[in-house]
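Asker: From first to last, the protein sequence lines stand for chains G, Y and C.
Going by the UniProt record's numbering, the first sequence opens with residue 1, and the numbers climb by one from there.
Going by the UniProt record's numbering, the second sequence opens with residue 1, and the numbers climb by one from there.
Going by the UniProt record's numbering, the third sequence opens with residue 1, and the numbers climb by one from there.
Watch out, some of these pointers could steer you wrong.
[Claimed, not checked] No more than 25 Å apart at the CA atoms, straight line, and that leaves these computed lysine to aspartate or glutamate pairs for DMTMM-like:
id	chain 1	residue 1	chain 2	residue 2
1	Y	Lys74	C	Glu36
2	G	Lys130	Y	Glu73
3	G	Lys9	G	Glu254
4	G	Lys115	G	Asp200
5	G	Lys130	Y	Glu40
6	G	Lys311	C	Glu37
7	C	Lys34	Y	Glu73
8	Y	Lys282	Y	Glu73
9	C	Lys9	Y	Glu37
10	G	Lys111	Y	Glu40
11	C	Lys34	Y	Glu40
12	G	Lys19	G	Glu30
13	G	Lys139	Y	Glu37
In short, the hints are calculated from the structure, not lab data.
Residues per chain, in single letters:
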Amino acid sequence: MTAQLMEVKGLSKSFGTMKAVKSIDFSIQEGRCVALLGPNGAGKTTTIRMLTGLLAPTAGEVSFRSLAPGEDRRALIGYLPQTPAFHNWMSGMEYVVYAGRLCGLGVSEAKNRAKELLERVGLADAAKRKLGGYSGGMKQRLGLAQALVHQPKLLVMDEPVSALDPLGRREVLRLLKELKSETTVLFSTHVLHDAEELCDDVVIIRSGEVALQGSLASIRSQHRQPVIELKLDEDNTRGMDWARAFVQRTNSGEASYSWLSEAELRGNRLHLTAAHMDQARQALLEELARHSVPFSRLEVGYSSLEDLFMKVVGE
Amino acid sequence: MNGANEVYRGTHRGAEAPRSATRSSGGAVFLTLLGKECLELLRSFKLIWVPIVFAVLGIMQPVLSYYMPIIIEKAGNMPEGTVIEIPAPMGSQVLADTLSQFGVMGILILALACMGIVSGERNSGASALVLVKPVSYASYILSKWLSIMLLSWGSLLLGYGAAWYYTWLLIEYVDVVPFLLSFVLYGLWFSFVLTVTLLFSTALRSAAGAAFTSLGAAILLTVLAGLIPKYMAWSPGALTGLAYQAATSPGWLQMEPASWWAVITALIAIAALLAASVVLLKRAPARD
Amino acid sequence: MNETLELSKMVGLLVPLIILQLILMIIALVLCVKTEETRGPKLMWVLIIIFGQLIGPIAFFLFGRRQA
């Protein structure tokens with residue numbers, strides 16, 4: 001059984017007349033890993049900054065169930081911004097100890113925690129070096145260490161791997177995989193792949209609104225649609241003409257096929273979203289035979305999360 | 001906190017009870033922030049070079065006053081037999097001159113050294129990482145303010161003390177009371193100007209903007225206090241004039257009620273400026 | 001005032017002043033050489049620090065280093 005950790009209700013933010021976030025609702029269950037997924041400019045960072053208390057919302061509220069009245073919600077959150085900035089004159093060790101002390105840890109406790117965490121994020125050897133000389137990947141890992149220093153209930157990260165090179169990215173992803181079994185995690189990303197790889201739940205936002213949310217598994221099964229992809233011979237005008245006419249007929253409503261729900265021509269690929277797979281296969285083959293369409297490949301399958309994501313955010 | 005709260009905590013964070021017990025108070029957090037500011041002053045060498053500059057300025061003034069007649073004589077190319085009458089400087093006058101030197105060079109250096117104290121961290125995003133932790137905005141601002149005070153009062157004391165000592169060696173002994181009184185009044189003026197710098201460092205993106213706004217305000221206030229002393233005697237701008245008077249008058253300066261008001265308004269203004277800085281910071285703890 | 005300067009007294013008084021200025025200059029020079037990046041060419045700053053009297057080192061401390 002999972003208990004609710006945090007709830008966001010009607011969270012909105014306007015900058016002047018621009019509404020960056022328009023009344024977002026979602027909740028986070030304890031122990032889950034949640035991805036805030038959306039294209040750039042969808043309002044992910046704004047939402048995250050409001051969650052962490054760095055930005056005052058125009059309307060709405062963020063509430064933690066385990067928060068006693070009068071207690072600071074920042075005590076429960078560990079935050080890693082997209083590109084964390086530190087005091088460059090400090091060493092890695094000094095910074096994590098400092099972070100721990102700011103979270104109310106005692107001197108020796110903060111030191112022990114810092115040592116443990118630096119070891120864990122692979123910075124033990126660089127602990128005494130000045131932060132000014134850290135690479136992007138090292139800074140990200142240090143950011144992770146300082147965010148975890150007070151064992152937060154919720155780890156919040158803004159695009160944790162977007163700014164990293166492939167090596168640093170793999171390293172941080174590996175750490176995150178480990179961490180998500182220990183604490184609740186919320187992170188934003190514009191890369192579906194990262195979300196799929198790490199998280200249990202997704203909240204997809206588009207232009208400041210929640211477009212779709214739920215567990216990855218349920219979204220996958222609910223929105224799974226049979227699709228057919230037909231690859232045509234590009235040089236063969238007869239085939240292309242047929243495809244164009246077919247798409248036009250379907251979309252204009254001139255001819256409606258009961259087995260077909262959507263048709264789209266992308267380059268030399270005809271994408272068909274089917275209503276009934278078996279009927280669709282049958283009917284399409286007949287159609288192709290009738291017009292003797294030369295095609296190079298016919299693929300039958302199910303829509304991927306990627307297709308869904310593109311559809312949800314693409315409009 | 002009451003018992004109900006404890007129960008509430010107990011049910012939801014039972015496993016963490018021992019950890020929360022070791023949590024230290026807000027005072028420890030403030031000291032951590034202050035410690036960081038002081039370490040930064042030290043690592044950036046500000047804690048070393050600013051006091052040295054003040055000491056150099058403080059020594060130079062009495063030395064210059066002492067050698068001035070000779071310098072003029074040597075450089076003056078006067079016709080033979082010209083008798084130059086330069087009255088020997090009064091020790092107290094040398095101290096007042098030193099203060100006015102600090103009032104230009106000293107405050108310029110301090111304002112420039114402190115101009116980025118908030119805006120720098122805010123622009124880089126370093127403040128965001130600090131302020132997402134359970135740290136009060138007031139202690140963040142106050143730790144920075146206190147570090148500025150430490151630097152400015154310390155430097156002023158060192159520089160002015162050096163001036164006083166050299167005046168004693170070269171010219172004459174000046175009583176401790178006028179020296180200390182003028183020091184405190186001038187320190188208060190410094191505090192006021194630098195608190196304005198802190199406010200604008202919080203309000204503005206540009207560090208240079210913060211320095212020049214606060215220096216501009218300082219100049220405006222002193223000029224106004226000089227031009228229309230009758231109406232501006234209560235303003236902090238009158239503090240510099242007051243400090244010169246304190247340095248040059250023997251024993252305790254007889255302060256008029258209006259002069260007391262200058263001290264009180266300066267104190268109130270400092271408190272208000274700090275409060276305004278906290279409010280500004282709270283409104284936008286970090287920038288993108 | 002005393003017209004005849006005692007040389008030893010004069011030296012004794014000015015030595016601290018010179019030492020302080022030297023300390024400033026040396027700290028500034030060390031920092032200038034050690035820092036990765038200065039605002040403007042390093043050599044220019046070295047010259048400013050050495051020949052700029054009191055103002056040289058101050059200018060370097062205030063403006064010479066890229067803000068960390």
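Asker: Taking the hints in turn, state whether each one holds.
Answerer: Now the hints, each set against the structure:
no., hint, in the structure
1, Lys74(Y) to Glu36(C), "47 Å, violated"
2, Lys130(G) to Glu73(Y), "56 Å, violated"
3, Lys9(G) to Glu254(G), "45 Å, violated"
4, Lys115(G) to Asp200(G), "30 Å, violated"
5, Lys130(G) to Glu40(Y), "13 Å, holds"
6, Lys311(G) to Glu37(C), "48 Å, violated"
7, Lys34(C) to Glu73(Y), "45 Å, violated"
8, Lys282(Y) to Glu73(Y), "61 Å, violated"
9, Lys9(C) to Glu37(Y), "41 Å, violated"
10, Lys111(G) to Glu40(Y), "20 Å, holds"
11, Lys34(C) to Glu40(Y), "18 Å, holds"
12, Lys19(G) to Glu30(G), "30 Å, violated"
13, Lys139(G) to Glu37(Y), "21 Å, holds"
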